[in-house]
Amino acid sequence: MNAPSPALCPCGSGLRPARCCAMQAGSIPPAEAIRHLVPLVERAIQAYQQGAKDVAERLCLDVLELAPDRPGALSVLYSIRKEQGKAAAAEALIRRLVHFEPNNFEATNEIALMLLSKGALGEAEIHARNAIRIAPQAPQAHNLMGMIMTEAQRPRLGEYHYRQVLAISGTRDPIVLANLAWCLKNQGRMEEARALYEESAATAPDIRETLLGWARLEEADRNFAAAAEKLDRLDRLFPNDPGSVLTRAVLLGRMKRPDDALALLDRQAPAAPTETTESTDNATPPAGAAMASAPIGLGPTELSEKGRLLDQLDRHDEAWAAFTEGKRLAREYTGNVYLDQVAGDLVARLRGFFVSGRLALLPRAGVRTDVPQPVFVLGFPRSGTTLVEQTLSAHPAISAGDELPLINDIINIMPRMLNSPLTYPEALAELWMGDQRDGLDNLRDYYLQKAAQMEVAEPGAAWFTDKMPLNETHLGLIALLFPASPLIHVIRHPLDVMISALSNHFTHGFYCATALETAATHYVRVMDLVMHYRSEMALRYLPVRYDAMVTNQEETVRAILDFIGVPFDERCLSFHENRRYARTASYAQVTEPLYERSLYRYRHYRQHLEPVIPILRPMIERLGYTVD
Amino acid sequence: MTNSALPEVPLPFGDLMAIAGRLENEKDYAFADRLLERALAAAPDQPDALHLSGIVAFRLGRRDEALTKIEHAIARGIDIRLYLRNISEVYRALGRFDDALNAALRATAMAPDDPVCLHNLAVIQYHRLELDDCIASAEKALTINAFLPGPHFQLAEALLLRGEWERGWNEYQWRFDLPGNAPLMPPTTQPRWDGTPFDEGTLLLVADQGFGDVIQFSRYIPWAAERCPNIAVASASEMIPLLRQVYPKAQLFNEWRYAPPFRAFRALSGLPALHGTRPDHLPGHVPYLRADPARAALWKERLNRLTPTASRRIGLVWAGRPTHNNDRWRSASLAEFAPLAALPGVALVSLQKGPAAAQAGQYFGAAPLVNIGAEIVDYEDTMAILESLDLLVTVDTSVGHIAGAMGRKVLILLARAPDWRWLLDRTDTPWYPSVTLVRQTTTGVWNDVMAKAAELVRSTFRQ
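As you go down the protein sequences, you meet chains A and B in turn.
Heads up: the first sequence is residues 1 to 628, going by my numbering.
Heads up: the second sequence is residues 629 to 1091, going by my numbering.
No wet-lab data here; the hints were simulated from the structure.
Misleading hints may appear alongside valid ones.
Claimed, not checked - So, partial list: chain B residues that the calculated Cβ filter (under 10 Å) puts toward chain A:
| # | residue |
| --- | --- |
| 1 | Gly993 |
| 2 | Ala995 |
| 3 | Leu1052 |
| 4 | Thr1069 |
| 5 | Val1073 |
Even glycine gets a Cβ: it sits at the ideal position worked out from N, Cα and C.
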């Protein structure tokens, strides 16, 4: 009789759980006891380098069964699983490797890249910082930090690290130049970015990412012909490149040629999809970032674009199919799913902490009058926050700060800043201690100092916007830090928000947008929380309806400007002429005049939305909308 | 019997009903409900069980069920007079005043000598603003039993509402005898003050009834002090800072153990009768309350930060204390204030407290709304905030009284059958010159009231 084979770890590593994700701390044998395994590890590395991957894999599994902390075996097995597209296994292995070898520069780089490609920017940043600590003079470490900072809405910091790469290396590496160009493009510094792309391409004309990034720069800067020319060059060098196809499809869509764009996508030969991170137009990270695994056919990003094109052509059922398939693939490739428990716990703790009785005892930060102050543009991702920001930033007194990650930063550093053994929000209890009474002022200054470092406010501006989606989750904290800052909450029909969430990929909100139902769940959680804050606190809060922005623009804009306390400015009505580049997924929409097509899009998808209507209906009615 | 368990041994139906009736009397509604459920399981159409079960359901807030059961009982009828008498009250509570009137009229026709039926009828007629009929019903009940406090009090309300205050004040004294009312004060051998001046000894005034009443009747304290200079006032702690403003020399206390020896006592709400108050003859001057300047400055700064500087600030209060016996009719909801929220150039400032304050969180109207109520600690805060508002719009609550006593501009939105103090028809009030009254035309319907209020606000700001 054969003994049953032991169950393997669900992550897909090929190891037993006890030697993988369920490993106990005490199960690591002492180094002395396993020295006889060293030759096996060396043989595994050699086999891998020689292409004998089956042999390498077997050797690694054998070694790790006996000594699960062997770095060489972990490293080789990680590489094999990554090549096989087993994302969960690869992640588990590289995490273990970094855990056992925290000073391993290569592994630290690798995990940071993996997290970057997955969109887990916060964690990626932790490892990137470690990489610089390990090797402060390594251009690679600074390049990594540049990429992460650029993706994490801190392009000014990204720029610093890219320039460090150039300074340390003493060369004008074309890839770094292209990365820097991308970073500058994300700051809206189009001319400087263009010059760098030209320089990069002059040195190395055949680099895919350079041409792709350049094409996207031109597309974003509305130079459609120039964008097409770059893509033509790219296609000659890399026929059927999925990134090129996607970019051209986006370009054709912007040129009002959705049929052609769609035909292009449909013609795309089976190939690797572009990676799925935040649905900004940064869908192609700069060179050096890890690519996701490479299954055949359209990837998540292409499918989303295809869905949007089909939507434009009123082929709604097909659009829905593309969107849902895109979501399915995104879940499969990234392994990201809604962190239901984590989100629910946080919301419950925030509700429990921010109650009027406690708030009456908490101090408020003072209001600084010597530096520009934030205007918080709040809302679920894709609810119209970019439109409002673009409108406001057409005003000379208001600069666009974009999606500033600073409130989240403050949440993370709060225990340290307040010297608290607790985390947010409970750490705010330290404000009752004599030595922390000015703690909120310190946190406020951290925010303002970082905002100044990011140069978000233009000269002469009294205000800058912070439109980080779902900042409303932290409305209570924001009001403690900035009691005089306007809180502009963009409200849109929840079912329209769901359509937008389905047709885009974003990681905000604990990965809620990886599925329609979880997006609805998170939407309701956050809106309930907003209502809680508003019933417990006096807030400078203005709900702005997206529909009112579209159908009654001038009156609505006047009301918002009045609420902020700046005089009306005609330029805010023609925000689409604002040459500022909005880096989020809405950038193309906000370069066009307002159009009513975006209102109540859900009606085309009514039957598909049936599963989430029961979740959303109470909120829909509370907001004064109906389900037609 | 405790409510720990149902009787183990099956009881005869009559005993079961007797126990259920006693439990209802003792306000052990939950247990009575379970017993009656058992009774109805055995005899689903038994009218007395249906009726009593309906009464219990009504007490437990299950009004529709109550109605169904009592209607069923009437159809099956044993003691239809009693059922009708009670169902009229259920109809009234549900706002079905026509049905309530019909039931009460049928009950009184069947039992013309039942003063309770007549009292119920008078209550319904008051709500229908049929004041002649109301007075006639109450008077008829009193001819049958002159010592029933209910009809006396209903008569008082009708007379006072009509402006017949001299007779009304006398009847108003019966409120202390209404069943369920807490005694005014601990037992005392000292006499009730009859208005005779005295210099030696202390006159004890009891700040009775709701906060609005205390604010309204506090204007009488200086008048009383002219007759008895040594005044002590027993009051809820919330009112003490306000009463101190009205008569700084008064001894104020909030627990009976701190009560000083006194020579005579009187409820604050009993002073108008002694004064002989008429709509054209009130003591004191308005304003008699004012905000503390330092607090007012702090709140002004806070509101300046929270609302657009160019906007007119309108304070809102949409609901009163939920336990008030007329709260269903006097309170509205924030959503019903939509016409005000649609006015251009205004910022709404919620001063709402209590459970209804949560509605501020659910507001998504065009005008910004600041829920300052969440930060209000006491009535001194309220007064300080009122100083920074251009206008207050409120249903009939204590905040309206405070604003009126401060001389601030106020719109008070009234139920169709308002509290007696607001009189009939008029848009002004002798109590507070700065108050404008906006009256419901249909019971429970606020739409036209809010539209009228919005129009008044618009015209006020235009001036």
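Hold the hint about Val1073(B) up to the distance rule: shortest CB distance to chain A must be less than 10 Å.
-> violated, 20 Å
Is the interface hint for Thr1069(B) satisfied, with its Cβ closer than 10 Å to some Cβ of chain A?
-> At about 26 Å, which exceeds the 10 Å cut-off, the nearest Cβ of chain A leaves the hint on Thr1069(B) violated.
Evaluation of the interface hint that places Ala995(B) against chain A, nearest CB under 10 Å = holds, 8 Å
Hinted contact Leu1052(B) with chain A - closest CB pair below 10 Å | violated, 36 Å
Hint check: 10 Å Cβ-Cβ cutoff, Gly993(B) to chain A = Since chain A brings a Cβ to about 8 Å from Gly993(B), closer than 10 Å, the hint holds.
The structure fails hints 3, 4, 5 (numbered hints given earlier, in ascending order).
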